[in-house]
Amino acid sequence: MDTALHSMRERIVAAHHARTSLRIHGNRTKDFYGATIKGDPLDTRGHAGIVDYEPSELVLTARCGTSLEEIALTLAKHGQFLAFEPPAFSGNPTLGGIVAAGLSGPRRAQVGAVRDFVLGTRLLTAEGELLRFGGQVMKNVAGFDVSRLLCGSLGILGLISEVSIKVLPLPKQEVTLRLPMSATEALAAFNRWRGQPLPISAGSWFDGATTVRLSGAPAALAAAQVRIGGDPLADDDAATWWNSLRNQTHPFFGNRTSLWRLSVPATTPLMAIPGPLAAEWNGALRWHATELPAEEVRRLASAAGGTATQWRGAGEDGMFHPLSPTVLEIHRKLKERFDPRGIFNPGRLVTGL
Amino acid sequence: MQDAPRKPTADSLRFEANPGTRWSDLTQPATLDHRQTLICALQAVLPADCILEREEERRPYECDGLSSHTQLPMLVVLPRTEEQVRAVLTTCHALDVPVVARGAGTGLSGGAMPHASGVVLSLARLNGILKIDPEACTARVQPGVRNLAVSEAAAPFGLYYAPDPSSQIACSIGGNVAENSGGVHCLKYGLTVHNVLGIRGFTIMGELLELGGGALDSPGLDLLAVTIGSEGLLVVVTEATLKLVPKPELAQVVMASFDDTGKAGDAVAAIIAAGIIPAGLEMMDRKATVAVEPFVKAGYDLTAEAILLAESDGTPAEVAAEIADIERVLRASGATTIKVSQSEAERLRFWSGRKNAFPAAGRISPDYYCMDGTIPRKTLGRMLRAIGDMETRFGLRCMNVFHAGDGNLHPLILFDANAPGEMDRANEFGAEILELCVKLGGTITGEHGVGVEKINSMCVQFSTAERNAFFAVKSAFDETGLLNPGKAIPTLARCAEYGKLHVHQGQIPHPDLPRF
Ligand SMILES: Cc1cc2nc3c(=O)[nH]c(=O)nc-3n(C[C@H](O)[C@H](O)[C@H](O)COP(=O)(O)OP(=O)(O)OC[C@H]3O[C@@H](n4cnc5c(N)ncnc54)[C@H](O)[C@@H]3O)c2cc1C
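Sequences listed follow chains X and Z, in order.
The first sequence begins at 1 in my numbering and counts up one residue at a time.
The second sequence begins at 1 in my numbering and counts up one residue at a time.
Pulled out of the complex, with its shape left as it was, chain X reads as follows (with noise of 0.2 Å):
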């Protein structure tokens, strides 16, 4: 045990004993995203650096305070990436905070989620304890998948200290074509191009245009391109504009007091939402700034199959969709298992627990 990672662990011992609460924080990118909470701040950034990472077992292993940036920048080195695009947002975010977030960028629809790359986990626990979940390799059913578990928990079960990620070669190329068009016209062509096999790595629909990637082989991308249409960006403009989704720098999601982030099925038709409206994820994923009571916005996303969330302005009931009865439950059982006293994070992800 490393020095920062035995003094994490002495304040998660102390706190536990003492029933005080912790506030676990890598960078703090992502302080908007659940409840404010109070408790002391525990920072993971001393516990740092990339622990494993061998290129042809596509595995990198990393301490929850490595930034983004370092593993991003070790990973070009050798043609490869996370492939679930973390959004970074205003900053460097740690790998912890990352996968404790459990949100992904704009290739969500194509490659899966944060969850869906995640292969091992080391988890701090309010005992104390360290515990080994996963491992590195990319088939594993030994006991319970606690590591997906921890997959967007918001640090609520214990400290996530290390994680195994899987990661994937850079695609040999990408096109980013822009079509105008109206959301009624993107959401149909949308679900014209998914159930055929084009190599469309991203799907979005904002101000009347809507943008897709694609990403492979050159061959492929050239037939891909006749069959789409659209006019081709050049590549620092496509850089740019899917780093602005990924990240929230586009000015659609600026000053907004109310803004919804919507998961709902893909082929869910345009909603009777009043207000500017951004699409993601080739319609999966649906930005609406929208002054509408939050009870309407939830029930509309709930009729669709899906949910909302009060990504911005969200009230005394929190940012997320309700969970159900029984879901909430089980909720509320794991926390009491993992976390008997309820230090960590208390209530950022579920009011209560």
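It should be emphasised that the hints constitute simulated quantities derived from the structure, not laboratory data.
For clarity, every value in this text was computed on a predicted model and none was experimentally measured.
Be aware that a few hints might be false.
[As the list claims (entries may be wrong)] To give an idea of the chain X side of the interface with chain Z (calculated C-beta under 10 Å), a few residues:
| # | residue |
| --- | --- |
| 1 | I50 |
| 2 | V51 |
| 3 | E54 |
| 4 | L149 |
| 5 | G195 |
| 6 | A220 |
| 7 | A222 |
| 8 | L262 |
| 9 | G306 |
| 10 | T309 |
| 11 | P325 |
| 12 | V327 |
| 13 | L328 |
Built from N, CA and C at the ideal position, the CB exists for glycine as well.
Since the structure of chain X is provided, determine the placement of chain Z with the ligand on it from the hints.
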């Protein structure tokens, strides 16, 4: 460890810190009284033809694909509807009766092995494909649907379900979800966990759980991820929403021969290092090719120490380019001959041997024992040499097939259960392979599950605190421990027992392994 109570008592439903303990003995019989009470209660909620009482009706359910482990269940039920499944669960829960869900019974770790005082809940009759949505590229299916049937139903839309276990003509989606099953195309398209968008099911208390669904993200903890691969211990799945993917225009497979298994292993790493993710990347050693060739006539090079099969899919131009890349890497890695499939028929023929390796083992040997460890790819050569040594030491043959791209090994240990001592030697051989997997940084099961078979090896891979964390997950879903008890997670007592057996001269096996 306490004994299983013969009659339900008020006490029996209280929370147990370790829900694995009470029912962990699968052979513990129920009393006749208890059985009769249960039958009466089930008759009230199920039609008569859904309950199998007679011994000859129950006999076929005594084991799954791990036929060395048998146990006659107290009762078998075959509900037709989701409502009946719920009723079975609430009834068993109320009467404190263990429940073992069962799909097609092809599992290879004894996950569906019955409990002597329990009910086998077969989902075989819930076999409807509820909806194929070609626009959303999803299929909503019942758990008893066969894996291959999903792809068949999706085919008219140019879609298919990617995870393709070799058992896909028989195994059920419910079983796939419970085992997080994989297939030869998982390297590129992912395992079951990457291809299931949502499930619907019931807890042992009969409470409805809907996890995930048609949307990509869900709020709260990712309970969907933890139920996939949970071996029927957390929830009985009654419906699943699956992701379908567009059929590639073309698929071709490269078959390469190597005069050394180590070189073949290195070639696998070299392909990945070159930035290529083939649609499938499989390896067979000579013992395996020699065993399958007479049955499938795939045209394998029987002089090669190992052959690799690497598949490429996509548009014709894409495939041509990737095949050229793969060939180049294989040659540089020392392949002695390389063949590329020139037609769909030939592609399927190349694969047929790999897909029929298990049945072939069954034909050349009275019995075989299939292992399922995963190791880092780079240790493949080391593992193969170690298995070679073990063959000599245990006096048994072992043929090797691998999901090489994923580092997932299926050594098939050949033995004759009627020859004195061979079965025990095969078991020890297997356990030693698994211990080496853990030592090399891998795991004791890649896709077949722990079940009853590998429960002792779990003591090697996980510490007591880690196993307690698994019990914490278990009890959050099932406080009573009634759902598939005695499987997957060993109790402390069991590990203590196993530890005693395996301590040689005061030494635990592999003392160099980190133990927290
Ligand atoms: C010849 C052969 C080849 C194989 N090849 C592969 C392979 O390539 N890849 C691979 O991954 N596996 C393979 N297997 C193993 C096996 O086919 C898989 O594990 C399969 O997913 C089991 O499905 P099943 O329907 O037969 O499940 P069963 O054997 O009936 O049950 C397996 C487990 O699932 C649970 N279960 C079943 N249905 C439900 C449900 N509805 N809800 C909750 N729990 C449930 C059971 O309790 C049990 O624990 C192979 C097996 C054989 C015999």
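Was the hint right that E54/X lines chain Z, CB cutoff 10 Å?
7 Å, holds
If you take the shortest Cβ to Cβ gap from V51/X to chain Z, is it below 10 Å?
12 Å, violated
Hint validity - P325/X Cβ closer than 10 Å to any chain Z Cβ:
Because about 9 Å separates P325/X from the closest Cβ in chain Z, which is inside the 10 Å limit, the hint holds.
Hint check: is the beta carbon of L149/X less than 10 Å from a beta carbon of chain Z?
Check passed: Cβ of L149/X comes within 5 Å of chain Z, closer than 10 Å.
Restraint satisfaction for A220/X [CB to CB of chain Z, less than 10 Å]
4 Å, holds
Against chain Z, with CB atoms and a cut of 10 Å, does the hint on G195/X hold up?
Hint holds; G195/X Cβ to chain Z Cβ min 5 Å, cut 10 Å.
Please check whether L262/X passes as an interface residue: C-beta within 10 Å of a C-beta belonging to chain Z.
Interface hint status for L262/X: holds (8 Å vs cutoff 10 Å).
Chain Z contact restraint for V327/X - C-beta distance below 10 Å
At about 6 Å, which falls below the 10 Å cut-off, the nearest Cβ of chain Z leaves the hint on V327/X intact, so it holds.
Is the interface hint for L328/X satisfied, with its Cβ closer than 10 Å to some Cβ of chain Z?
Holds - the Cβ of L328/X comes within 10 Å of chain Z, reaching about 8 Å at its closest.
Restraint: G306/X near chain Z, CB-CB cut 10 Å. Satisfied or not?
4 Å, holds
Go through the hint on I50/X and say holds or violated, using the shortest Cβ distance to chain Z against 10 Å.
16 Å, violated
Against chain Z, is A222/X within 10 Å by beta-carbon distance?
8 Å, holds
Of the numbered hints listed earlier, those contradicted by the structure are 1, 2.
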